[in-house]
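A.B. asks: Protein chains in written order, with the working numbering: chain S, 1 to 477; chain X, 1001 to 1941.
Since the hints were derived computationally from the structure, they do not count as laboratory data. Glycine residues also receive a C-beta, built at the ideal position from the N, C-alpha and C atoms. Do not rely on the hints blindly, as some may be mistaken.
[To be verified] If you want the footprint, here are the derived chain S segments under chain X, 3+ residues with CB under 8 Å:
1. 234-240
2. 257-265
3. 289-297
4. 351-360
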Amino acid sequence: MKFKYIAILTLVAGMASCDVLEKEPADSWESSSAITSYDDLVYAVNGVYDSQTWTSATSSRGIYSGDFTLYADMKGEDYQCIGKNGQATDVSWYLAVPTSLSPETFYFAFYQSLARVNKVLEQAEEAGLSGEEVDQQLGELYALRALFHFDLALLYAKLPSTVSDLNNELGITLATQTFPADYIGERASLAKTYETIFSDIDTALQKLANDKSKKNGHINYWGALALRARMHLYMDKADGTDHNVLALQDAKEVIENSPYSLYTINDYLSVWAQQFSPSENIFEIAVTSQYNAQRNSLGYYTHAEGYAEAAISDSFKQLLDAQPAGDIRKQLIAEETDNGNNTGYYTQKYPGYNGEIYVNNPKVIRLSEVYLIAAEAALKSINDNGASAAEYINTLRKNRITGYEEVSTVTLDDILTERRLELNGEGHMAWDMWRNKKSVNNPKVGKVEYTDYRTVLPIPQAEINTSHGVIKQNIGY
Amino acid sequence: MQSQEVKIAPMVKVVLKSDSEQLDEVMVVAYGTAKKSSFTGSATSIKADQITSGSKESLDKAFSGKMAGVRVASATGDPGSVGKVNIRGVGSINGSTSPLYVIDGVVMKSDEDMNYYGKSQSILSTLNPEDIESMTVLKDAAAASLYGSRAANGVVIITTKSGKEGKTRVSYNGEVGWNKMAVDQYNMMSGTDYIDYARESIANYYMEYEGVASKEEAYTLIDQNNDLSAFVKDPSGKTNTNWKDEIYRTAITQNHQVSLNGGNQNTRFYAGFGYNKSDGIVLGSDFQRISGRVNVDQKITDWADFSIKQMVASTTQNGFRDQNDQAQGLGTSSPLGILFALDPTAPVYNADGSYNEDVSFGQITNPHLMLGSKDNANSLEWIQSKMFRSLTNAELGLHFLNKLFFKSVFGYDYIDNKHFEYWDKNSVNGAAVGGMGSRYTFQNSTLTSSNTLTYTDTFNEKHNLSAMIGFEVENQELLQIVTVAKNYSNHLPELVNGQPDAASSSTYGAGMLSYIGNVNYNYDDKYYLSGSFRRDGSSRLSKENRWANFWSVSGAWRLSKEGFLEDMPLFTDFKIKASFGTNGNLPTDYYGYKDLYAGSGYGSNPAIYWYQLPNDKLTWERSKNLNVGIEWNMFDRVTLGVEYYLKKTTDLLFQVPNSYVTGFASRWENLGELKNDGVEIEINSQNIRTKDFTWTTNFNLTYQQAIVEKLPNGTDIQYGDGQMYIHREGESMYTFYLPEWKGVNPETGLGEFWIDPNDHSKGTTTDYSKAQWGIVGKALPDVMGGLTNSFTYKDFDLSFLITYQFGGDMFDYPGYFLHSDGYRLGSTTPSADVAGNYWKKPGDVVENPKPIYGNPYRADRFSSRHIKSTDNIRLRELTVGYNIPISKKYMQRLRIYFRANNPWLIWAKTKDVDPDVAINGYRQVDTPQLKSCVFGINIEL
């Protein structure tokens, strides 16, 4: 009798518990079912931008909302590190070696973003999504893929305008699809790298052309076009084509037909504390109090009360001092101190929204840069002693300097100086110099020629290790 | 000799049983008990008094030095933190290396997935060591295979106290004492030494960077420019603050326990109530536990027993973030981070008696204004964790025909763990966000039910057989709630005072289904044979790979029962044994095999993203275990146990680094092979046994190694902070792989590295990046063990435990900050040992290169310069007691005692460093180990 009960009891317990082995996560779900509708696609595209606002994998380092946007400034001559936390001295003091944190975080963060792009592209195709709205989303993805590859190429490969043969120079490992976990890539040539970048940005423009309206926090047609102008400018004549002509063409289109207009002198000091609404902002990434890079954010790096990794250098202060009295940009730096520590001048481009200094949208591209691209491209491609270029510079400077007197000609150095003044703290300085085969005079390490091996970051040692040497290290490291 | 009742029967030969039968203790083993003499596996147990002679705060720390093959190390000395237990080496490379804990027959949650991400907290600290009767460690397959898929790292079986028949005994144990830093370390440079060092660093800066030709010129420049004032608060040399004394303190600890124990033929009960309060040595850190336990055993009928064991415990842990094993670097506001940043020339107090805030060149202010617990108004950053746990065991036993025994055990483990971290808006970390409060709540419930049927029989008086079959199911559910507020309007910590920032919740679940069985047979207590089997299915693996079988076979031969050894006193008992079998180790991820998307946000809109690469081939890590050994009792006085074990782990749960191009840093795979082997020796000896005086000695020694046998494609894997470790075939686990430091060149004052660690003929370099990397040490010790001596003389007793370990190294991460050759001048004060030990002029033979502010050589980077030996001999425990003779009319027992834990580092190869580091040899920047001294009293009525 008893045995029977026990047997039954055991059996019942066994039956009832079969489902204990089927557990589904509550905070994540199967990828196969992740993208089945247009809404899913929109959210997944958001997920790509999201990766540039914060990322747990690298403690939010290496991304646009943080140290990436300041990279070329910290490597240039207009910034200096005053703080003592050594968060970005890999960059600003040129200390990066293959095992350093910075090369690893930039590398990882951009490839993480690329993996998200590619996963969404593949899943959208699998799900058979199509239509104009879908194309708009896919267009954003292609534009971002071009941008992220371009940024990786700037960080880890030589600048195309500085090399003699693109085919004989190492580019980056290209990520135009998702890869299995054990994938080992290989660095493409610099030629192939830029071909891929241009191919993606061209695809993006085709897909984005249906809707040319402003898109807060998203790259739109104009953003992609402005970025293509930048990419052409960087190419210069590297592959035999004069990309300056193309850069000017794209820049002109943006200047003439886009809904964006230059900041005015009156607005100039206040636009930095505003998001999306300022008239120039073509593409900015949306950072919020929930999703930001915290202590590795733009605001925390560029203030005395934060890490003070990126303060204005003495030479840049002098450059500003030497500008005409009416230049509104002179007022965009301020002396700061943190209870007597980190005393120095700091840019006020990243004041934080609502007083939260972590929260600043990086401006990936804005109209001033497009004017400057147009000026430089015109100077390089039109043989008129800088007259056409001067027009763009005049327009820009009129909106920055009270009582500005127009000039009839400008030189490359004039344009580069104007870039330093206008785009200070937005990630251009060192690359602008080097791509024009000039040097920077870094306050910490002194003169850095464009040929210096340290103008390019080392490939992270971890990546070399996992590839078993297939991925080649940059020269000098 | 002991008297024995013998039934009067004709022609009975009365043999007096020897005392050795007393030594034949009954051990609690997997799903039952076993006589030690008949046990064919490898297991060791410690009893209540050995458990409570260690730390009373957490029982995982009580193992240290008491058993062969068991190693305990806590990463931090903060009260309530985890003591990491490793049994027989390192069972896994990336999977869990912690043993399985089983309490009163039910697997108990002991992992760390309910911890706050910023702080170590031991879930085992909910158990009151005073309620524990014994702990048995199952080491080999024969002992542990019945726990199958989770037994690869050994099993710790905890048995709580149960009532004893007889008069009800009431007892009280009380202890009060103090804790201090166990090893005198982290002594910082004095004020005057620091001024010299700063001056020297700046002078070298002028010479290195500004082309100043001589030191004298540089000194002049320093004085002209008043450079010192940027690095030294008081260049006069009149102030000398020892900040260590301001941060670390002598802390008070106390423990109280009241218990009842008694029963009659049918009902037995044990009830205990305990209170433990241990202050940490850092201002504001403490641990408190209030616990209660009631165990009732009831005999219902001749054939049915029922018992209920219920524990409730509540712990509170106050403190601050810790470094969490290489994950977090040195936190600016961590105690050690604060200590390192403070200027020894800054005074603690202002002239008016208030705390001086201007004490560092960074964001760090006076530690009295930074550190403290929730209840201290001055403390700006703190973490408080409150854990509540209820453990219920219900057990029904049914006996049929004296041969069949059915047992049903039902366990319910409920844990509620609430963490609260607060950063005041004036704190270092809180300033940027206007203050932040985070409440993380975890709630876990684990339900376990096991049913076993055991058949025991004896045939022809000599064939003893027992066989068991059973079934077990376990279901675990974990809930996590996260709420964060920022932008506080005031200084009140509760989240309502800030603006809501994050709110989220999630659940996780895991289940396991198991079938178990074993057979034990012995012939005449002479030959033993056992086999066990377990089939496990786990929800943590994909359907295709979910089920696996684990088994063991073992045997023993008691030679002392054979005619040729019988009645030889040298062989009171002599047994040889061997076992072989398999165990497993499960992935710790709940859903690690799936291809997953997760949600986030972008702007104010939802975002989703690719979160996890799939791995549906993921399966158990498997280990094959061989164990051979002898157990020898000589002259009924000395027992010797020698065992050799060989454990090969295959299909390792391996976190393989991905190419970053995949977008994911790493993945889990079942790859590679690990070999752990070793010899364990245990000797127990009753040296002297007289009426007034006894002396017993317990000695144990473990020789062990853990070798990585096979790696994916046979290629090396570098990993860890700064890639300081390497997995290489044929090398030990936790092998350090770094550039090799040669030392300071006496002529140039620069640090030098060997260009090739394997070939010193290639010369040296001062350029860190030119130095090749090589194997420079390993963390695992070759030899470790302990020696306990216990003496009693009349009413006095004395016992002490000395532990030792040799052959291991550590990476001195704090030392990396403290020896920065001027690079960190102004942010980190060097340690005292640098003073007088850094290069100043040609010919100086010193350990530290010349300091240069903004040092371009960075010879302080990770290299063998920071690798130190952990060899040491240590007095781990010391107890002196006195039983006050008092009439049994009033009291059964009155004992007073003094106990010390970690009182004395007898010998250590490396000075100024506590050699107790985690098994990976990474000396962390957290609170170091404590020594404690307590006075206690036992009263039994």
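A.B. asks: Verify the coverage statement for the stretch 351-360 of chain S against chain X, using a C-beta to C-beta distance below 8 Å and requiring 3 or more qualifying residues.
C.D. replies: It holds, with 4 qualifying residues against the three required.
A.B. asks: Count residues of the stretch 234-240 of chain S with a Cβ under 8 Å from any Cβ of chain X, then say if the count reaches three.
C.D. replies: Violated, because only 0 residues of the stretch 234-240 of chain S bring their Cβ atoms closer than 8 Å to Cβ atoms of chain X.
A.B. asks: If you count the residues of the stretch 289-297 of chain S with a beta-carbon closer than 8 Å to a beta-carbon of chain X, do you get 3 or more?
C.D. replies: n = 5 at 8 Å, threshold three: holds.
A.B. asks: Taking 8 Å as the Cβ threshold, is the statement that the stretch 257-265 of chain S is covered by chain X upheld or broken by the three-residue rule?
C.D. replies: As far as the stretch 257-265 of chain S goes, the hint is violated, because 0 residues have Cβ atoms under 8 Å from chain X.
In the structure shown, a violation is registered for the earlier hints numbered 1, 2, in ascending order.
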